[in-house]
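Q: Following the hints, put chains C, Y and E in place on chain Z, whose structure we already have.
Sequences listed follow chains Z, C, Y and E, in order.
Just so we're aligned, residue 0 is where the first sequence starts under numbering that gives the first Met the number 0, counting upward by one.
Just so we're aligned, residue 0 is where the second sequence starts under numbering that gives the first Met the number 0, counting upward by one.
Just so we're aligned, residue 0 is where the third sequence starts under numbering that gives the first Met the number 0, counting upward by one.
Just so we're aligned, residue 0 is where the fourth sequence starts under numbering that gives the first Met the number 0, counting upward by one.
Don't take each hint at face value.
[Said to hold, decoys possible] Simulated crosslink set (DSSO-like; lysine-lysine; CA at most 30 Å straight-line): (1) Z:Lys88 / C:Lys132; (2) C:Lys294 / E:Lys114; (3) E:Lys113 / C:Lys294; (4) C:Lys45 / C:Lys29; (5) Y:Lys163 / Z:Lys88; (6) C:Lys76 / E:Lys35; (7) E:Lys114 / Y:Lys163; (8) C:Lys132 / Y:Lys163; (9) Y:Lys122 / Y:Lys138; (10) C:Lys252 / E:Lys113; (11) C:Lys132 / E:Lys34; (12) C:Lys58 / C:Lys76; (13) E:Lys118 / Y:Lys163; (14) E:Lys34 / C:Lys62; (15) C:Lys132 / E:Lys118; (16) E:Lys35 / C:Lys62.
Hints are computed from structural coordinates only; laboratory data are not their basis.
Now for the letters of each chain:
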Amino acid sequence: MIPLNYFVIFSAILFSIGMYGVLARRNAILLLLSVELMLNAVNVNFVAFSRYITPHTIVGLMYTIFAMASGAAEIGVGLAIIVTIYRGKQTLNVDEIDMLKW
Amino acid sequence: MGLLIGIGLALLVIVLVLTHIIVFIWCELKIFAHIMDRYGPIETGKFHGVLQPFADVLKLMNKEDTVPGASDRLIFKVAPFVVFVPAFMAIGAIPLSATLVVINLDIGAFYIIALSAFTFVGMIMAGWSSFNKYSLLGAFRAAGQLLSYELPFGLTIAGVAMMASSLNLITIVNKQVVPNAFIQPIGFLVFVIAAEAELSRSPFDIPHAESEIIAGYHIEYSGMRWALFYLAEYVSLIILCSMTALLFLGGFKGPILPPPVWFLLKVYVLFFILAWIRITFPRVRPDQLMDLGWKVLLPASLLNIVLTASIIILLPDIWPVALAVTEFTIVIATLIYLGRTRR
Amino acid sequence: MTVNGPTIAFLILASLILSAAVYIVTTRNIMHAVFVHLLALSSVSGIYILLYAQFIAAMQVLIYAGAVTTMVLFALMLVKPKAGMEIALDNQQKGMAFATAGVFLSVLLVVLVPKVWATSQEKLTPLTVAKFGKILFTKYVLPFEMISVLLLVALIGVLVLASKEEE
Amino acid sequence: MSEYLSAYLNVAMFAVVAFCFVAILLGVSAVVRPKKENPVKLEPYECGMVPFGGAWSQFNVRFYVFALLFLIFDVEIAFLYPWATVFRELGITSLIEMLVFIFILLLGLVYAWKKGVLKWV
Numbered sequence: 000m001i002p003l004n005y006f007v008i009f010s011a012i013l014f015s016i017g018m019y020g021v022l023a024r025r026n027a028i029l030l031l032l033s034v035e036l037m038l039n040a041v042n043v044n045f046v047a048f049s050r051y052i053t054p055h056t057i058v059g060l061m062y063t064i065f066a067m068a069s070g071a072a073e074i075g076v077g078l079a080i081i082v083t084i085y086r087g088k089q090t091l092n093v094d095e096i097d098m099l100k101w
Numbered sequence: 000m001g002l003l004i005g006i007g008l009a010l011l012v013i014v015l016v017l018t019h020i021i022v023f024i025w026c027e028l029k030i031f032a033h034i035m036d037r038y039g040p041i042e043t044g045k046f047h048g049v050l051q052p053f054a055d056v057l058k059l060m061n062k063e064d065t066v067p068g069a070s071d072r073l074i075f076k077v078a079p080f081v082v083f084v085p086a087f088m089a090i091g092a093i094p095l096s097a098t099l100v101v102i103n104l105d106i107g108a109f110y111i112i113a114l115s116a117f118t119f120v121g122m123i124m125a126g127w128s129s130f131n132k133y134s135l136l137g138a139f140r141a142a143g144q145l146l147s148y149e150l151p152f153g154l155t156i157a158g159v160a161m162m163a164s165s166l167n168l169i170t171i172v173n174k175q176v177v178p179n180a181f182i183q184p185i186g187f188l189v190f191v192i193a194a195e196a197e198l199s200r201s202p203f204d205i206p207h208a209e210s211e212i213i214a215g216y217h218i219e220y221s222g223m224r225w226a227l228f229y230l231a232e233y234v235s236l237i238i239l240c241s242m243t244a245l246l247f248l249g250g251f252k253g254p255i256l257p258p259p260v261w262f263l264l265k266v267y268v269l270f271f272i273l274a275w276i277r278i279t280f281p282r283v284r285p286d287q288l289m290d291l292g293w294k295v296l297l298p299a300s301l302l303n304i305v306l307t308a309s310i311i312i313l314l315p316d317i318w319p320v321a322l323a324v325t326e327f328t329i330v331i332a333t334l335i336y337l338g339r340t341r342r
Numbered sequence: 000m001t002v003n004g005p006t007i008a009f010l011i012l013a014s015l016i017l018s019a020a021v022y023i024v025t026t027r028n029i030m031h032a033v034f035v036h037l038l039a040l041s042s043v044s045g046i047y048i049l050l051y052a053q054f055i056a057a058m059q060v061l062i063y064a065g066a067v068t069t070m071v072l073f074a075l076m077l078v079k080p081k082a083g084m085e086i087a088l089d090n091q092q093k094g095m096a097f098a099t100a101g102v103f104l105s106v107l108l109v110v111l112v113p114k115v116w117a118t119s120q121e122k123l124t125p126l127t128v129a130k131f132g133k134i135l136f137t138k139y140v141l142p143f144e145m146i147s148v149l150l151l152v153a154l155i156g157v158l159v160l161a162s163k164e165e166e
Numbered sequence: 000m001s002e003y004l005s006a007y008l009n010v011a012m013f014a015v016v017a018f019c020f021v022a023i024l025l026g027v028s029a030v031v032r033p034k035k036e037n038p039v040k041l042e043p044y045e046c047g048m049v050p051f052g053g054a055w056s057q058f059n060v061r062f063y064v065f066a067l068l069f070l071i072f073d074v075e076i077a078f079l080y081p082w083a084t085v086f087r088e089l090g091i092t093s094l095i096e097m098l099v100f101i102f103i104l105l106l107g108l109v110y111a112w113k114k115g116v117l118k119w120v
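Pulled out of the complex, with its shape left as it was, chain Z reads as follows (with noise of 0.2 Å):
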C-alpha cells in the first residue's frame, strides 16, 4: 500500500506551486487555471484522508464531489466575468482591473 504521506507531500507540493501561479500570474484565466490545481491539491488530501484514516465513513469524498461541483460553476462565471470586462476594458492584466477602486 502506498503511504499516506505521500499523497499529502504530493498534494502539498501541488497547492504550493498553485499558490505561486496566484501570485505571480496576471492574466486572468491563467491566475483561474491556478485556482483549479491548489483546488486539485485540496480534493486529493481529502480522498486520501478519508481512505486512509475513516475507510468507512466517506466524509472526505462528499467534501471533494461537492468541491468539484461548486469548482465547476466557480469557473463558469469566473470566466463570464472575465470575459465581460474583457470586452469593456480590452484586457485580461489582473492589475489592470480596478473599477472596484472607485
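A: Just chains C, Y and E, lined up with the frame of chain Z:
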C-alpha cells in the same frame, strides 16, 4: 506479469479492432455504392474490391504530411493522440460475452462516457493549432454539436442504469429479459439519434460539411495524421454501435448461437442501419441541429428518466409493462401529432 | 521506502502532474497552459484510482477534463489572441511570489514529512458506486440539493452577463 | 493482485499500447513518405486562394452559454449515475430528492430557452 498480460490483451484488442474497421470501411463503400446504384470499388483484389481499404492505407502511408507554417507545431502533432488514445481506451470496457471482457469495471458505462469527453478537446486542439479560420470554425461547430448531444446521450444511459440498478455493462445485459428498447422506446430513439450526432455523420455532419467549411477541424491534416482522425471516428463508431447493442438490444444474449456471435451480429446490423441513414438523409441546418439537441432530445431524455423512476417506485411489481405501455403511448401520440401538423 | 506496483504508478503520476503544474505557472503560451492543464487534471484522476475511489476519478475526468477545459477554450475564443499571448503574463511580484510559496511549502514539509498518521489498519477496498450513492442520498441530501441551486444561480448569472454582451 | 487493480492496470496498458501504436504509425509513415516542402504548400488552405486576415475570428458569446449549460448538465449526470444504482433501495424519498434536483436544473434550461439563447448563430 500483470503488466505483460495487459499489454498482450491490448495488442489483441487493437488487432481485432483494426480488422473490424477494415471490414467496416469496405462494407460502407459497398453499401453506399449500391444504395446510390453504382458499383463502388471492384478492381483492387479482384473479388468486389476487397483489398481497397488496404490500398487506401498504403496510399496514406506514402502521402506527404505537411505541417502548416504558421501552426502551433506541438499541439498540431499532439492532437491525433488526444483523439485516438481515449477512444481506444474506452473500447476495452466493451464485453463480448459475460466473461469475455478486458476491463470489467463497476462503473463501466460511466467510464466510457467520461473518456468520450476528450474527443472534443482533441478536435479543438486540431482546429486551433492549424491556424486556419475554416478549421477553427469547424472545430467549434464540432465541439458545440458534440457537447449538445453528449447530454441526452449520458442521460439515456442513466435511464438504462436505473432499470438494472447498476452501471456495469455485463450486469445491464444480464438483467435484460426483454431488450430494453421495448421497455424504453423514448430512451432508445434518443440514444440512436444522439449517437449518430456524436459521430457527426450525415445528417449531422455539420462539423465537416465539405461544401461549407471545406472539411472541418482537420483541413490541414494530411497523410497518416489525417488517417488517425479517420480511424478514431471508426473506433467511436464501433463503441457507439456496441453501446446501443449492449444497453438497448440485449447485447450478447440470444438463442442457439454463442454470445460473441450474437453481439457482433447486432453490432453489424446497427452499423448497416447507421450507414443507411448516413447515405439517405440530407444534412440538417445548424439551427435545426441545436433545436433538436436542446429543445427535443434533452427534455425527452429527462422525461424518460422521470417516467422510469416514478413507475419503478410506484408500481414495483408490474413496472416493465407499465413503463413500456406509457412510453409507447407517448411515442405514438407524438408521431400522430407530428403527422397531423406537417400535412 | 516501499517498492511495489501502485507506488511506482503513484510516483510516475505525481511527477507528471507536478511537472505539468510547473509548466502551467511558468509558460508564456496560454493555449499550451490550457492543454497541459487538461493533462494534469486527467492524471489526478489516476491518483484517485490508486486511492480506490474510482467514481471520483470518473467524475474528475467528466467534469474537469471534459466540461471545464471546453469552457476555458470557449472563453479564450471570445477574447482576442493578443490578450492572451502578447502581454507579459507574469507581474513584477514574481520574486515575492516565489518566496511566499517557497516558505509556505517548506513549513508544510517540515511539519508533514516526519508526521506519522494514525491510519486505519484495514486494507483498502474499492468503493462501489452503490455504497457511495447510498451515503450521498441519505446523509448528504441537503448539500446535494444546494448544488442544484448553486448551479442554477451560476447559469442565471452567466445568462445575465451574456445578454449584456448582446446589446 | 486484486481484480480492481488489474482492471485499471489494463486501462493503463491500453493507453500505453494505443500511444505506441499511434507513434509507430506516424514513425513508419515519416520514413516512407516524401518531404518536399515549399512556402506555398505551408500556407493555410483556403481553396487555393491567398489567405486573408488572421485565423482568429470573433466568436459570439452564445457559444460560451452552450458550454456552461453543458457543464451544468454534466454535473447533473455525474450525480444521476450513483442515484440510478441505488434509488430502488432508498424508495420514494430518493425519488422526490431527484425530482427536486432535476426540476431546479430544468428551471435553468427553461430560463435560457425563454431568454432566447438556445439559438445557434
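Q: Does each hint hold? Answer for all of them.
A: Do the hints match the structure? See the list:
no.: 1; hint: Z:Lys88 / C:Lys132; in the structure: holds (26 Å)
no.: 2; hint: C:Lys294 / E:Lys114; in the structure: holds (14 Å)
no.: 3; hint: E:Lys113 / C:Lys294; in the structure: holds (11 Å)
no.: 4; hint: C:Lys45 / C:Lys29; in the structure: holds (14 Å)
no.: 5; hint: Y:Lys163 / Z:Lys88; in the structure: holds (15 Å)
no.: 6; hint: C:Lys76 / E:Lys35; in the structure: holds (19 Å)
no.: 7; hint: E:Lys114 / Y:Lys163; in the structure: holds (12 Å)
no.: 8; hint: C:Lys132 / Y:Lys163; in the structure: holds (27 Å)
no.: 9; hint: Y:Lys122 / Y:Lys138; in the structure: holds (25 Å)
no.: 10; hint: C:Lys252 / E:Lys113; in the structure: violated (46 Å)
no.: 11; hint: C:Lys132 / E:Lys34; in the structure: holds (25 Å)
no.: 12; hint: C:Lys58 / C:Lys76; in the structure: holds (21 Å)
no.: 13; hint: E:Lys118 / Y:Lys163; in the structure: holds (16 Å)
no.: 14; hint: E:Lys34 / C:Lys62; in the structure: holds (9 Å)
no.: 15; hint: C:Lys132 / E:Lys118; in the structure: holds (22 Å)
no.: 16; hint: E:Lys35 / C:Lys62; in the structure: holds (11 Å)
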